[in-house]
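Protein chains: 2
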Amino acid sequence: MTVLFLQKPSGIWNEELPWLRSHYPDVTFTHDENPDPETLKSVEVIVSPRVSQEIVDAAPNLKAILLPMTGITHFPLETIKARGIRLGNSHGNSAGVAERAVAMILAFYGKIIEYHNDLKEHRWHGFWIGRGLDDTWECIQEKRVAVIGAGEIGHFSARYLKAFDCTVTGFKRTPVDTLPPYYDSMVYDIDEAIDGAEIVVVTLPSTNETRGMIDAARLERMRGALLVNVGRGDVIDEEALFNACRDGVLRGAA
Amino acid sequence: MTVLFLQKPSGIWNEELPWLRSHYPDVTFTHDENPDPETLKSVEVIVSPRVSQEIVDAAPNLKAILLPMTGITHFPLETIKARGIRLGNSHGNSAGVAERAVAMILAFYGKIIEYHNDLKEHRWHGFWIGRGLDDTWECIQEKRVAVIGAGEIGHFSARYLKAFDCTVTGFKRTPVDTLPPYYDSMVYDIDEAIDGAEIVVVTLPSTNETRGMIDAARLERMRGALLVNVGRGDVIDEEALFNACRDGVLRGAA
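In order, the protein sequence lines correspond to chains A and B.
So for the first sequence, our numbering puts the first residue at 249; every next one is plus one.
So for the second sequence, our numbering puts the first residue at 249; every next one is plus one.
Bound-form chain A, shown alone (with noise of 0.2 Å):
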C-alpha cells in the first residue's frame, strides 16, 4: 500500500513518520508534491489539506483521504463520495480551536486589550481610585453560551465553558439519545439556540446548508450578544456582521 503527502512532511510527521515506517513495514510513506500518473495509479492513501479533482481522477486505487487539519472545502466532494472514497481528520485541533474560542471569549469580557492598552498609558484600573464597579471587567460565570455545532469543537468549548459555570446549549443537525457530557441542553433549531444567548459560539464546516446560515436576521436575534466564530468564516453572512458590528448590534464579534 501506497500511502502520498501532497505537501511536505511537517514536524510533527517527520517526528512520527519513522515509527510509522517501522510498524508498517508493507506501507509505503511517499511525499510528492507533483506527483506523476505512474505514482498516482497505485496511491491507496493521500494525506494533503487539498486534492484537486485531477488528482482523485488518477488515482484509480484511492481509497481513504487524510485531511491533516480541518476544512473541506477543498476537495471534489462529489467525486470522493461518489467513488467511496472515505475523507477524514483526526479532530486533533478540536481541543486547540474550543480552547481559541474560551481565550476569546475571556479576553472580551475580561477587557484585556483595554487594561493592556490602559497600562501601557500608566492608566490602572483600581478599584479604589474611584471609577468603581462600572469601571471593571465582566465575569462569564453563569453566561447563557450557544454553541452552534455541537461537534468535536462543540464539546470541548462546552466542557471548558460548563467549568465556569455556564449554561451550554448545543445546536446539532442531527438528533441526539443522551445529552452529549458538558451540555446543559441541546436543540435542533438554530434559532432556538440563539435566543436568550449571551455568548454565541460557531463552529460549523462550510457545507451547502450552513453556508450564509448566520444571517442579518441571525445576528439580529443575537442583538446584545458576543459572537466568537471558530469555524469556518463564510458560515456568517460577512456584509451583515460588518453591520451587526458597526450598528451595535452585536456587543462584539471575533
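The hints are simulated quantities; they were obtained by calculation from the structure and are not laboratory data.
Keep in mind that a hint or two might mislead.
If chains are identical, the list can't say which one is meant, so a pair holds when it fits in one copy or spans any two.
Claimed, not checked - Calculated cross-link-like contacts (lysine to aspartate or glutamate; reagent style DMTMM-like; alpha-carbon spacing at most 20 Å): (1) 410 <-> 400; (2) 420 <-> 439; (3) 368 <-> 486; (4) 311 <-> 284; (5) 391 <-> 413; (6) 420 <-> 457; (7) 368 <-> 487.
Assemble chain B onto chain A, guided by the hints.
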C-alpha cells in the same frame, strides 16, 4: 443587634438589604462613615473593607467584622485576635479572581494582544500566508501549573485549568488528609511546587509569612515560566520581579 456599614452600601447591598431587614426585624442595619462613640458602643457587627484601631477600640461589643471583599491588611489584627472578634469574608469573589488568572494565562499563551494589535494594522496571522507554525499561538493543554496558595481562589483556578487538562500542583501551608478536587498533587514546600511548573498562579494573602515570599531566588527557580499573581502584590518582591522581567528570567508576568 446593630450591623454597621462603614461605607455606603453599594449596588448589591441595596438590593439585598430590604430582604435582610424583613427577615431579621430585630437587627438594625445602619450606615455611617464617621460613627460617633454612642453608635459604636452598641455595634456588634461592622461591614467594611477597612476598620481602624480607633473604631475597634471604641466598639466594646464588636463581635464580628465582615469584609465585603478580600485583603486583611487594613485591620488592627492584634486587637481583633486578642478580643476574639471574628473577621471573615464570604469568598464570593474567588471564582471571579480565578477566572481573571485564567483569562490572563489564555491571553498570554494565546497572543491575544499581539494578534489584536497586528490585526489593527491589517496583519492577519493566518496559517496559510507563509509564516507557518512558528508564528502561531500556544495552547495551555497539558501544561504544568503550580497554584501557590490552595485556598478558595486556588480551588477555582485548579478547576478551570483542569478543564484544559493541565497538571495542577497545589501549594498549601497546612497539610490536607485528602487531595482537594481538581488538583493532581498537593505539596507543602513552595519550591517543590514551583520546580518544573510552566505556569505559576499565586493566590496568597499578605501576611507576615507570605510577604516577599516570591523573591529573586524563587523567580530564578521559575525560569521560563509565566507568573500570574492574583493574590496580594507584596507577596512578590517587586524589584526582583522587575529584574526577572527585564532579564528574561520569566516568560511573562501578569
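Classify it for me, residue 368 with residue 487: is the Cα-Cα distance of at most 20 Å met within a copy, between copies, both or neither? between (34 Å within a copy, 19 Å between copies)
20 Å Cα cut-off: does residue 311 pair with residue 284 within a copy, between copies, both or neither? within (18 Å within a copy, 87 Å between copies)
Checking residue 420 and residue 457: alpha-carbon separation at most 20 Å within a copy, between copies, both or neither? within (13 Å within a copy, 53 Å between copies)
At most 20 Å between CA atoms: does that hold for residue 368 and residue 486 within a copy, between copies, both, or neither? between (33 Å within a copy, 18 Å between copies)
Reference check for the pair residue 391 and residue 413, CA-CA at most 20 Å: within, between, both, or neither? within (8 Å within a copy, 22 Å between copies)
At most 20 Å between C-alpha atoms: does residue 410 with residue 400 qualify within a copy, between copies, both, or neither? Both: 15 Å inside a copy, 18 Å across copies.
Check residue 420 against residue 439 for me: Cα-Cα at most 20 Å, and say if that holds within a copy, between copies, both or neither. Close inside one copy (12 Å), not across copies (48 Å); limit 20 Å.
Taken one by one, the earlier hints all hold for this structure without exception.
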